[in-house]
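With the hints as extra help, turn the sequences into a complete structure.
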Amino acid sequence: MTTPLLSLQGLTKAYPGVVANDHVSFDIGEGEVHALLGENGAGKSTLVKMIYGLVKPDSGTMLLRGQPYAPAEPRAARADGIAMVFQHFSLFDALNVAENIALGMESPPPMGDLASRIREVSETYGLPLDPYRRVGDLSAGERQRVEIIRCLLQDPKLLIMDEPTSVLTPQEVDILFETLKKLRSEGTSILYISHKLEEIRTLCDHATILRLGKNVGECTPSETSARDMAEMMVGSALQTPERSGREFGPVALDVSGLSVPSPSEFGTALKNLHLTVRKGEVLGIGGVAGNGQDELLGVLSGEILTDADAIRFNGQPIGKLGPTARRRLGVLTAPEERLGHAAAPDMSLTENALLTGSVRESLEKNGFLKWADTRVFAEKIIQAFDVRTPGPENAARSLSGGNLQKFVIGREVLQNPEVLVVNQPTWGVDAAAAAAIRQAILDLAAKGTAVVCISQDLDELMEISDSFAALNEGRLSAPRPTTGLTVEEIGLMMGGAHGMEVAHV
Amino acid sequence: MDFGEINPVLLLASLMVAATPLLLAAIGELVVEKAGVLNLGVEGMMIVGAISGFAISVETGSPWLGFVAAAVGGALLSLLFVLLTQFALANQVASGLALTLFGLGFSALLGQSYVGIKPPSMGDIHIPLLSDIPVIGPILFQHDPILYVGIALTAAVWATLKYTRVGLILRAVGENHDAAHALGYKVIKIRIMAILFGGACAGLGGAYISLIRVPQWTEGMTAGVGWIALALVVFASWKPWRALLGAYLFGGITVLQLNLQAAGVAIPVEYLAMSPYIITILVLVILSADKSSAPASLGRTFHASH
Amino acid sequence: MIVLEKRPQPSKAWSYATPLVAVLATMVFGGLLFAILGKNPVEAIGTIFWEPLFGEFSFYYRPQLLVKGAPLVLIAIGLSLGFRAGIWNIGAEGQYIMGAIFGAAAGLAFYPLDAWYVFPIMVIAGAFGGWIWAMIPALLKVRFGTNEILVSLMLVYVAEQFLASMSLGLLKNPEGFGFPGSRNLQSYESAHNAELFAGTGMHWGVVAAFIAVIFAYVLLNRHMLGFHIRLTGEAPRAARFAGVNPPRLILFCLGLSGALAGLAGMFEVSGPSGVVSIDFNVGYGFTAIIVAFLGRLHPVGILLAGGLMALTYIGGEIAQSQLGLPAAAIQVFQGMLLFFLLAFDLLTNYRIRAARSEVA
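Chains as they are written, first to last, in numbering that gives the first Met the number 0: chain A, 0 to 504; chain B, 0 to 305; chain C, 0 to 359.
Certain hints may be false.
Said to hold, decoys possible - Restricting the straight-line Cα-Cα distance to at most 25 Å, the calculated cross-link-like pairs of lysine-lysine (DSS-like) are:
1) K55/A to K5/C
2) K369/A to K11/C
3) K180/A to K195/A
4) K270/A to K319/A
5) K181/A to K55/A
6) K188/B to K161/B
7) K5/C to K185/B
8) K161/B to K238/B
9) K181/A to K195/A
10) K188/B to K11/C
11) K188/B to K238/B
12) K213/A to K195/A
13) K55/A to K156/A
14) K213/A to K181/A
15) K185/B to K55/A
16) K185/B to K161/B
17) K55/A to K188/B
18) K156/A to K181/A
Unchecked claim - The calculated label-pair distances, taken between Cβ atoms and stated as ranges, are:
19) T275/A to S292/B: 37 to 43 Å
20) A154/B to G144/C: 28 to 34 Å
21) Y270/B to A108/C: 44 to 50 Å
Bear in mind the hints are in silico, worked out from the structure with no lab data behind them.
Ideal Cβ positions, reconstructed from N, Cα and C, are used throughout, including at glycine.
What follows is the structure, given as structure tokens:
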């Protein structure tokens, strides 16, 4: 057997309260695409941060081509031929593509030379990119290209990719895979982090599975069924949400001809949006991040005001009503960003219950607050949604992501909404909590609530929604019934390949 | 009104002098803000620079040493801001205010024995040939050296930010400190350097007031110039040459109102004296529509968790 | 190597302890400063903190505590509401001046009429003066997004010039033999903010300060508006999501802090000071910023911090006359207090741990 490119031996890293990695060992061979598989919170990110020199292990060693390897900082890792494409891009909106790429290099050539190198590499690997465009103006897929090209210019031996497909349409994923296969054929090793099993089965040569910080198994993905891998990942068989046959009532939410500019500089404007949701219906809205999801939620929650007639609730125009007035009517929302948008991090759960609950739960009288009632409401949410916390006086930021998400969704669900709009309801949430949240949404719909679920997780949308539409650059495709929809059709609704091309292999 | 007593050549020449403290302080703060830090302590650092420069040049007889001391004094005071905001992670607005309040008191304490003294003069440099050109010569080429240092500094900051790797890294840190950290750049270290540079520049600006423009020491003599410099950075949209332009504009207003006071126009002195502040507000209003060029991480505290 | 570790939630204990630790640290370093100035540090600190309360002439100084503390508390309460919401009014000094000018002008307009309603009108005029001055940055911020810090501060300099113009012009005492400054309101019965009980220092401004403390306490802890103020400061996006109207909040917070600063100025000019003059303002508007932070932006805390700061003012004056401690030393002392407070505040939200070296 030849020496592996990188060998991890007994890597351990503990943070207060959690052991993020517990004696993790595995090898990555030369020219191998190695998958690192695991749920959110399994310790994948910590592990790659150790490889990339952002975090130092408490114990354990790494060997790079048999030599001890302990990068003190990312710069050292890059010098040793290790490059990383981050899940949340480490890009600078106000700088142009070439400047962004220069920042990721040790000794970049002069700007002019760099720009032509960028053009050259981007054409070779089928990732077209203009070096002088401002990064803030690029789409999510294009931003990922910046990261990838930044890595490729370093001529890496090991390329780490953290959940790269979460921002791509299915067609773009195919193109990315062509690029990665070309890299492999040139001898580059790839460490591919994901929780999407089908992707791993098509792309990866070998897989290591992490659960709760421990290495729980290895397999050859092409020879292992997705189901087996899922069970290794989760540790037990998963329950899928129940959906009972539903009768749809009259239209509850009617959006027509909605156009608004984005409130933020690098946001996406919504352009001529149409959608209707009937009582008891779940409308799933898919699309790659950054195509107007936040703006759509803001428009429906009342944070962004529009023409009165653009949004109607039970026939009544509500486009000019603010969040409080909409809550009074029964239009409730749960934004994507838990800390800082849906909840105030440093405030207690009781105070956070008041944040959206004051109107419908009558937690105030003439402006004066009823703290006792508010506390009862907070406790009700904690109990009904199994939120793990010592009590409602704890700060929101002390909760884990999944628990806080259950609290945020529970807070809206328990207020008996007429219309509920959720954005990324299970993002970054462990499988059990995600299943509970999806079940709660379905139960609510069964009781006659009209639900809009915005999500980038297509599996989730297929599981819970009755009809599906996709957001693409601020435009919404015409909704279609979910049954019978194919992945290709969904991909086309999401905007196809966004002008990407297959690598010239 | 009688404008006859105002000599336009002298007016323009003194405009450049009046603008220099503003320019020095604003260029320093511009670099600080480009790195994503909002230091509202400019006024405090200026006044400390004013007294340290004054004291040292009186004691040593050398205005040059005075300016060096002013830069050191301003930088030392900004070190307190560094401790508060970069290590103790305190709110930048509150810390900047603390710096100003402390600096005003501290300078008054230091300056007690220097009231009413005349500092050694620096003397103007006469650039051969150029300074002999009529009209333009006296306006542009017969000033003290520090005034030219200010202009050179503007050019240097512009070129550094635009063309060098250090400038690129500085801008990156101010734009998105988390991303810069993820790439392995030392966010805190870069910010500390920027803050110290800003402190030194503010100190120079302060000393320019006490050693050249006035030249004398009185308590609180910066009289809001530091705050106007902060406004100037906004006015300049974080661009060095626009800061120069803005400084000359404000310098012009200050000089003009002083000349009008001296000329004894019908407008009461107090209303003339408040005009630079009112014009600052007006300029802020006109320019506040465009926030796009502000560094995106401006004023946000950075703490690397993992 | 030492690392900071964010606490899962803010520490209650430290949030109470930091002001005390900051005061202690200031005493130590202040003492050091006094020693450098050639004074006995123990004696100097003793003079500042002990003399006014328990010294030989405390019967005279104790009432002064109320007189100096009231404007500080009144202004700081207003500022703290804005600071909590992330709205930075740092031009209270200007609003204080305008309140005094408006209040005094209203009173002097009636001179020498003797009527019960003169003083209430002055109170309203004073609050209005401060309010209108604060509405300038408020409206500019709401309408154009102009930075309120810079505008409110610029307006301090404008107000100072206006004060000069008033005391030399319109409000100058016609019987003052050409000296600058207005008539003395202390000798105009109907307009005089006299002590309510002789020898206690208790005047209407002190009453107003206490009312403001209670009002702010109820607002912040029991009322939706107070909740929205806190929410806006903690998480602006969540506040918008909760239905807060940011422009309205800006107008409210700046307007209220301006009105309170105006009231403070009005009570001062009609009481302890008596005269509109060029050197009427002594920096209460800026010291109140320290008071607000020292009191942790909490009404009760501000009350205590106002008392403490008044103590350093009075003690400082005593130290000045008895020990020859320069006036500026006290200013430095106060500035130091704010420094230490901000620095130690770290302990509320972070734990300090010794750790092996790590890429931070």
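25 Å Cα cutoff - pair K5/C, K185/B: At roughly 20 Å apart (the allowed maximum being 25 Å), K185/B and K5/C satisfy the hint.
Range hint compliance [Cβ, Y270/B to A108/C, 44 to 50 Å]: At roughly 22 Å between Cβ atoms, A108/C and Y270/B fall outside 44 to 50 Å, so the hint is violated.
Pair hint outcome, K156/A versus K181/A [Cα-Cα no greater than 25 Å]: 14 Å, holds
Given pair status - K11/C, K369/A, alpha carbons within 25 Å: Given pair K369/A, K11/C holds - Cα atoms ~23 Å apart, limit 25 Å.
Straight-line alpha-carbon gap K213/A to K195/A, limit 25 Å: Between K213/A and K195/A the Cα gap is close to 19 Å, so the pair holds against 25 Å.
Pairwise hint evaluation, K238/B against K161/B, where the allowed Cα distance is 25 Å at most: Given that 25 Å is the threshold and the Cα spacing comes to 10 Å, the pair holds.
Agreement of K181/A and K195/A with the hint, judged by alpha carbon distance not exceeding 25 Å: With a Cα-Cα distance of about 21 Å, the restraint between K181/A and K195/A holds, given a limit of 25 Å.
Satisfaction of hint between K11/C and K188/B, Cα-Cα up to 25 Å: 32 Å, violated
Hint check for G144/C and A154/B - Cβ pair distance inside 28 to 34 Å: Given about 31 Å between the Cβ atoms, the range holds.
Pair hint K185/B and K55/A, alpha-carbon separation not exceeding 25 Å: Answer holds: K185/B to K55/A is near 16 Å, not above 25 Å.
Straight-line alpha-carbon gap K55/A to K5/C, limit 25 Å: 19 Å, holds
Holds or violated: K270/A to K319/A, with C-alpha atoms at most 25 Å apart: Within the cut-off at roughly 18 Å; holds.
When held up to the earlier numbered hints, the structure conflicts with 5, 10, 14 and 21 and fits the remainder.
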